[in-house]
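S.K.: Could you put together the complete structure from these sequences and hints?
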Amino acid sequence: MRGHGLTATDNDMDFSKETMSEDIIAIWEHMFGGSSDSGKSDDVAGVGQRTAAQEGLSDAAACDADPRRSDTGPIEHAEGKLEAVTATATGVQRSNALPAEGPPAGILVGHSMGGGLAVWAAATKRIKRLEGVVVIDVVEGTALAALPHMMNVLAGRPSSFPSLEEAVAWAVRSGMSRNKEAAAVSMPSQLVPQPNGADVADTERIQQHWIWRTPLELSRPYWEGWYTGLSDAFLQVGRNSRAPPCTNS
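Heads up, the sequence shown is in the UniProt record's numbering, so the first residue is 1 and it goes up one at a time.
Keep in mind that a hint or two might mislead.
[Said to hold, decoys possible] In silico SDA-like links for lysine to any residue, alpha-carbon gap of 25 Å or less:
| hint | residue 1 | residue 2 |
| --- | --- | --- |
| 1 | K125 | W210 |
| 2 | K125 | H30 |
| 3 | K180 | I136 |
| 4 | K180 | L191 |
Treat the hints as calculated values from the structure; they're not laboratory data.
M.R.: Have a look at this one:
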């Protein structure tokens, strides 16, 4: 998914909800296939969840089961049941489902901006056997009201870090992460080494080894689009789904 982890696309700066929803759908179909529209299973039970940051894929649509890698996780058969790792917008949801043709049943889970993208992806009705949507810490009205202050928030971040260790320490000091262990998982995937050709003096470059993976200020033209109409879209997803959507804010 563009802007996350090790993913690269031909247009990494297109952060529109339409494009990023397409990313989520493409990831889902790559992992599980999307050609079949077989009936939903009644035996879906979530038994675990990891954050997208563990996968190197942060608040938009996380996709992997192995926290050490950025490729897809395993799907294993055991005792006649299928253990599926279900792609989500900000994490992964493991579920046990009876074998069926086509993709396994799954749930999209999204936090903050990723919650909005989970809703927009679900609203396309193109994710096969989607059982539900979980949205955490995002409400349309509150999000839109907060947007004018976001540039100040971004301006308060360091533009670079001399090391990953310093980046982790800053994340804890600033409250971005609650503990060092969480920051050590989430921060490295948000940073990249500063390009050798950067237009800075050699002495300055030595002090600026790591910069942000995604220049969030360039996503500003898309901010309102992420959230405008989100409440209605969320409720519509619930009307079209057998399992009601859940929200926590």
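S.K.: Taking only the CA atoms, is the gap from K180 to L191 under or equal to 25 Å?
M.R.: Measuring from Cα to Cα gives roughly 16 Å; hence the hint holds.
S.K.: Compare the distance between the alpha carbons of K125 and H30 with 25 Å, and conclude whether the hinted pair is satisfied.
M.R.: holds, 17 Å
S.K.: Please verify whether K180 and I136 have alpha carbons no more than 25 Å apart.
M.R.: It holds: about 23 Å lies between the C-alpha atoms, which stays within 25 Å.
S.K.: Do the alpha carbons of K125 and W210 lie within 25 Å of each other, as the hint requires?
M.R.: violated, 39 Å
Against the hints set out earlier in the document, a violation occurs for number 1 only.
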